[in-house]
Amino acid sequence: MTPWRFYLSRLSNPAAARDYVIQVARHRGWVVNPDSDLVDPIVEGLAAQTNRFGKPFCPCRDIDGGDADSDVVCPCAYAAADIAACGQCYCGLFLAPGKDPKTVGSIPERR
Amino acid sequence: MFDHIVFQPVAGAVSTRRIRLLALSTCGFCRRGQAFLEKHGFAYEYVHLDTLDPAVKAGVKQEFKEKFDATLSYPALVIDDDKHTVGYVKRFWEDLLNLPHEDDTVEVLSE
Numbered sequence: 632m633t634p635w636r637f638y639l640s641r642l643s644n645p646a647a648a649r650d651y652v653i654q655v656a657r658h659r660g661w662v663v664n665p666d667s668d669l670v671d672p673i674v675e676g677l678a679a680q681t682n683r684f685g686k687p688f689c690p691c692r693d694i695d696g697g698d699a700d701s702d703v704v705c706p707c708a709y710a711a712a713d714i715a716a717c718g719q720c721y722c723g724l725f726l727a728p729g730k731d732p733k734t735v736g737s738i739p740e741r742r
Numbered sequence: 005m006f007d008h009i010v011f012q013p014v015a016g017a018v019s020t021r022r023i024r025l026l027a028l029s030t031c032g033f034c035r036r037g038q039a040f041l042e043k044h045g046f047a048y049e050y051v052h053l054d055t056l057d058p059a060v061k062a063g064v065k066q067e068f069k070e071k072f073d074a075t076l077s078y079p080a081l082v083i084d085d086d087k088h089t090v091g092y093v094k095r096f097w098e099d100l101l102n103l104p105h106e107d108d109t110v111e112v113l114s115e
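From first to last, the protein sequence lines are chains E and Z. In this text, residue positions in the first sequence follow this note's numbering: the first is 632, and each later residue adds one. In this text, residue positions in the second sequence follow this note's numbering: the first is 5, and each later residue adds one.
Excised from the complex, chain E in its bound form (with noise of 0.2 Å):
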């Protein structure tokens, strides 16, 4: 199993996912929102992907776990786009700094 693999394999706990959010989030200068009535169900959603398929594919989004869905590995490639425009990712997630979660809500499809 390559480091890599075995990295997102640890992704199935969910304790690991939200590791995992939280140091995207640093590293992308994005905050983790706040609301865990909202993330720890996302969070959950992380972990059961990687169950499922092997990868922490965006649990918002409707998937079927191949090579056409690496677009919405989470982070997805729309996350920054949608963090700039609306302040929030897909998922309600990642937020902007200064967002208040309270007006974190569905936002259109970019994909």
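FYI, nobody ran anything at the bench for these hints, they're computed from the structure. Heads up, none of these hints are tricks.
Simulated crosslink set (EDC-like; lysine to aspartate or glutamate; CA at most 16 Å straight-line):
1) Lys-65(Z) <-> Asp-695(E)
2) Lys-61(Z) <-> Asp-7(Z)
3) Lys-43(Z) <-> Asp-668(E)
4) Lys-69(Z) <-> Asp-693(E)
5) Lys-65(Z) <-> Asp-693(E)
Here the structure of chain E is known, so what remains is to put chain Z in place on it, guided by the hints.
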């Protein structure tokens, strides 16, 4: 609509309309939508499309597109097989369910 799939019923005091929720088991906004319906006492039915056979799921997406001329994204709320909204934007759900706007601070993000 959707006669070939099994929805899970959720009991509620308000059952004057047929409310159906098309959702993903991993999606944070889907959970939020369910919580909204339950908070307001609506009886409804839901299905997690990511748990369906891929061919069945494709049929649901096609039927939704033909009926509403819209691409299915999640959560999708369907009222009496006639009206719908996709995504969870609280104000839109309140409008669709004839509820007063509870919180006017919610930012509406739409196309």
